Amino acid sequence: MKYVAGIDIGSTQAKGIIMDEHSEIVGKAILDMETNMGTAAQRVFERVLANANLSYSDIAFTVATGYGRYRVTFGDLQVTEISCHARGALAEFPNTRTVLDIGGQDTKAIRIGDSGEVTDFAMNDKCAAGTGRFLGAASFALEMPLSDLGPLALKSTRPVKITTTCTVFAETEIIGHLAKGHLPEDVLMGMHHSIATRCASLVRRVGMAPDVTFSGGVSRNVAMVALLEDVLGTPLNVSSQSQFMGAIGAGLYALDNLQAAKRSQTAYATGSK
Amino acid sequence: MILSVGIDIGSTYTKAVMMDDTKQVRATAIRRSGYKPASAAVAVYDDLVRNAGVTKENVTYIATSGYGRYMVPFRHTQITELTCHALAMAYHFPNVRTILDIGGQDIKAIRIDERGRVRAFRLNDKCAAGTGAFLEKTARYLGLTTGDIGPYALRSTMPVEVSSVCAVFAESEVINHLSTGIPPEDIMQGAIIALAGRAVQLMKRVGLEADYALAGGMTQNQAMVDAIATKLGSPLNLPPQGLGQLNGAFGAALLGMRRAEKLLAEGHSIPAPGGEHTLEISANATRRWSMYVPASIIYEDSTKSLVKGTPLKVIPSKQNERYFDNSK
Numbered sequence: 001m002k003y004v005a006g007i008d009i010g011s012t013q014a015k016g017i018i019m020d021e022h023s024e025i026v027g028k029a030i031l032d033m034e035t036n037m038g039t040a041a042q043r044v045f046e047r048v049l050a051n052a053n054l055s056y057s058d059i060a061f062t063v064a065t066g067y068g069r070y071r072v073t074f075g076d077l078q079v080t081e082i083s084c085h086a087r088g089a090l091a092e093f094p095n096t097r098t099v100l101d102i103g104g105q106d107t108k109a110i111r112i113g114d115s116g117e118v119t120d121f122a123m124n125d126k127c128a129a130g131t132g133r134f135l136g137a138a139s140f141a142l143e144m145p146l147s148d149l150g151p152l153a154l155k156s157t158r159p160v161k162i163t164t165t166c167t168v169f170a171e172t173e174i175i176g177h178l179a180k181g182h183l184p185e186d187v188l189m190g191m192h193h194s195i196a197t198r199c200a201s202l203v204r205r206v207g208m209a210p211d212v213t214f215s216g217g218v219s220r221n222v223a224m225v226a227l228l229e230d231v232l233g234t235p236l237n238v239s240s241q242s243q244f245m246g247a248i249g250a251g252l253y254a255l256d257n258l259q260a261a262k263r264s265q266t267a268y269a270t271g272s273k
Numbered sequence: 274m275i276l277s278v279g280i281d282i283g284s285t286y287t288k289a290v291m292m293d294d295t296k297q298v299r300a301t302a303i304r305r306s307g308y309k310p311a312s313a314a315v316a317v318y319d320d321l322v323r324n325a326g327v328t329k330e331n332v333t334y335i336a337t338s339g340y341g342r343y344m345v346p347f348r349h350t351q352i353t354e355l356t357c358h359a360l361a362m363a364y365h366f367p368n369v370r371t372i373l374d375i376g377g378q379d380i381k382a383i384r385i386d387e388r389g390r391v392r393a394f395r396l397n398d399k400c401a402a403g404t405g406a407f408l409e410k411t412a413r414y415l416g417l418t419t420g421d422i423g424p425y426a427l428r429s430t431m432p433v434e435v436s437s438v439c440a441v442f443a444e445s446e447v448i449n450h451l452s453t454g455i456p457p458e459d460i461m462q463g464a465i466i467a468l469a470g471r472a473v474q475l476m477k478r479v480g481l482e483a484d485y486a487l488a489g490g491m492t493q494n495q496a497m498v499d500a501i502a503t504k505l506g507s508p509l510n511l512p513p514q515g516l517g518q519l520n521g522a523f524g525a526a527l528l529g530m531r532r533a534e535k536l537l538a539e540g541h542s543i544p545a546p547g548g549e550h551t552l553e554i555s556a557n558a559t560r561r562w563s564m565y566v567p568a569s570i571i572y573e574d575s576t577k578s579l580v581k582g583t584p585l586k587v588i589p590s591k592q593n594e595r596y597f598d599n600s601k
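As you go down the protein sequences, you meet chains A and B in turn.
Okay, so the first sequence: first residue is 1 according to my numbering, each after it adds one.
Okay, so the second sequence: first residue is 274 according to my numbering, each after it adds one.
It is possible that some hints are incorrect.
Said to hold, decoys possible - Below are the BS3-like pairs computed for lysine-lysine, each with C-alpha atoms no more than 27 Å apart in a straight line:
1. 535/B / 504/B
2. 262/A / 2/A
3. 296/B / 399/B
4. 399/B / 126/A
5. 504/B / 126/A
6. 180/A / 399/B
7. 329/B / 126/A
Said to hold, decoys possible - What the simulated footprint calls covered on chain B by chain A, stretch by stretch (three residues with Cβ under 8 Å from a Cβ of chain A suffice, anywhere in the stretch; the number is not a length):
8. 395-401
9. 510-521
To be verified - From chain A, some residues computed to sit far from chain B (all C-beta separations above 10 Å):
10. 13
11. 116
12. 137
13. 176
14. 179
Note that these hints are calculated values from the structure, not bench results.
Predicted model only: the values in this text are computed from it and were never measured.
Positions of the beta carbon are idealized from the N, C-alpha and C atoms, including for glycine.
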């Protein structure tokens with residue numbers, strides 16, 4: 001049995017996937033990014049190998065993706081995150097024609113054609129608002145972990161509109177609202193709504209066609225999913241492995257290369273093209 | 274003796290100036306605005322009166338400015354920051370035609386004519402990256418205080434480029450630079466140069482015309498002043514006597530003084546505070562965190578320039594109004 005690895009070095013988290021030659025996932029690992037991207041890549045690779053109970057020599061091909069993909073010194077190939085996210089989404093939801101990926105520090109909207117090719121994409125990686133960082137600011141201001149934000153926001157009955165479009169100013173605004181006596185869940189829902197609106201405009205820029213798949217760390221936030229479905233007016237596919245979508249796509253690209261290598265080996269052995 | 278008070282309630286600091294009828298500044302006061310601008314205004318006014326060694330009964334006229342200008346019930350009138358800054362700068366420097374005001378959470382470029390009237394204006398209050406908040410954040414990431422910013426930057430020998438256009442993403446950049454051994458002073462100076470670049474970009478959008486002047490807290494930061502002057506290729510006038518950060522309050526006090534003098538000269542008495550010159554907030558006022566204005570007052574969309582005398586349009590946000598309930 002041959003194995004391949006997909007490594008996605010994001011701005012906030014590093015993800016690793018190992019799959020076998022039948023594209024079954026046999027190992028997963030995720031860790032928070034550190035300053036040194038090369039070290040982070042190494043560490044996530046070691047973690048996923050441990051998780052799969054394999055060693056470095058068992059991996060036939062490794063594809064790296066994400067913002068830190070060129071820092072993956074042990075990678076055989078680098079593929080853009082746009083391609084990997086599209087591939088990963090299609091693998092789990094074959095009817096995907098639009099992908100919305102909200103990461104820690106960037107947000108991407110990807111349009112996919114009927115043959116699985118990327119036809120358009122739009123990305124925000126310049127402004128923290130509309131990315132996971134905006135929720136990070138809420139987490140900081142409310143002094144609660146990220147995982148608590150979604151469930152709390154869903155309890156809101158009177159959401160407060162967040163008028164600022166800037167993450168830095170939003171921190172002040174949240175504290176101001178809380179000081180005036182607004183409930184945390186109402187302020188939080190307002191924050192979620194701001195992100196949903198910004199991401200919706202990104203999606204509209206590439207044109208939205210069903211099915212729409214929502215990936216990235218923020219897709220694990222139940223309030224975000226509910227709100228985006230409302231704002232976009234369409235149900236969303238959300239994978240239980242949504243954070244790994246890029247890494248899975250990278251793994252599939254690695255498999256392509258494995259199969260190509262196999263075919264050329266066979267060709268060599270039989271003397272045919 | 275007429276005593277005129279100007280109070281500028283900004284997003285980050287509340288400033289006050291008291292002047293007499295010889296236009297001499299009798300006292301100043303400044304506090305952080307916090308989350309309750311009305312309370313900050315009251316506290317600053319108390320400080321000011323105490324600093325001047327007078328009582329509140331001695332004060333003839335109070336004019337307010339800044340984003341919290343409607344929040345002061347004991348004022349005689351409120352004046353826009355534009356008018357205050359323009360008036361103050363024209364008073365100090367009759368040849369100034371372009372004013373830059375870098376606030377804690379906004380940045381303004383103002384063109385004025387030879388009579389101190391506003392001809393054009395550009396404002397950014399949407400994005401922290403072009404404002405004082407960018408330097409404050411960078412200082413935090415470096416483990417410094419606001420007061421350290423200037424002194425550290427002045428020690429810089431090889432400023433490093435800070436390319437992020439986002440104050441939040443600058444954090445990763447700062448951490449990366451620190452981890453490769455770049456000294457904090459070079460990073461701080463890099464951030465200052467980046468901000469100076471954005472400031473001059475904003476000024477270009479109102480048109481660059483010498484002479485130039487700087488208002489706001491940045492006037493105390495020599496590294497910032499130098500960086501802007503370098504980008505402009507021209508010196509920057511700074512209000513005298515350390516009044517740079519108080520420029521808006523000074524302008525408000527000056528305008529208040531002129532109004533008081535005019536009323537008295539025409540034989541009227543000064544109306545009571547909260548009287549006919551003032552506007553009150555109606556119950557259903559449109560409220561943005563950064564600008565508390567009555568619904569009846571129309572204000573600017575920050576992408577359009579203002580020529581004085583042109584009415585401004587309110588752009589109400591109907592989008593998803595059904596979600597929200599801001600009443601408190």
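Hints, verified against the model:
1. Distance hint between residue 535/B and residue 504/B is unfulfilled; the C-alpha atoms sit about 42 Å from each other, more than 27 Å.
2. Restraint check for residue 262/A and residue 2/A: the C-alpha separation of about 11 Å stays at or below 27 Å, so the hint holds.
3. Straight-line distance between C-alpha atoms of residue 296/B and residue 399/B comes to about 36 Å, which puts the hinted pair past the 27 Å bound.
4. Proposed proximity of residue 399/B and residue 126/A is supported: the alpha carbons are some 14 Å apart, at most 27 Å.
5. Straight-line distance between C-alpha atoms of residue 504/B and residue 126/A comes to about 24 Å, which keeps the hinted pair within the 27 Å bound.
6. Annotation: proposed proximity of residue 180/A to residue 399/B holds, straight-line Cα distance about 22 Å (limit 27 Å).
7. Under the criterion of a C-alpha separation no larger than 27 Å, the hint pairing residue 329/B with residue 126/A is inconsistent with the structure, at around 50 Å.
8. Figure legend: the stretch 395-401 of chain B, annotated as covered by chain A; annotation consistent (3 residues with Cβ-Cβ distances under 8 Å, at least 3 required).
9. Three residues within the 8 Å Cβ limit are the bar, and the stretch 510-521 of chain B against chain A gives 0, so the coverage statement is violated.
10. Separation of residue 13/A from chain B is adequate, the least Cβ-Cβ distance of about 13 Å exceeding the 10 Å criterion.
11. The Cβ of residue 116/A sits about 32 Å from the closest Cβ of chain B, beyond the 10 Å cut-off, so the non-interface label holds.
12. Listed as outside the interface, residue 137/A is inconsistent with that label: its C-beta sits roughly 8 Å from the nearest C-beta of chain B, within the 10 Å cut-off.
13. The beta carbon of residue 176/A sits about 5 Å from the closest Cβ of chain B, which is not more than 10 Å, so the claim that it is off the interface is violated.
14. Distance check for residue 179/A against chain B: the nearest CB is about 4 Å away, which does not clear 10 Å, and the non-interface claim fails.
Figure legend: structure checked against the earlier numbered hints; hints not met, in rising order: 1, 3, 7, 9, 12, 13, 14.
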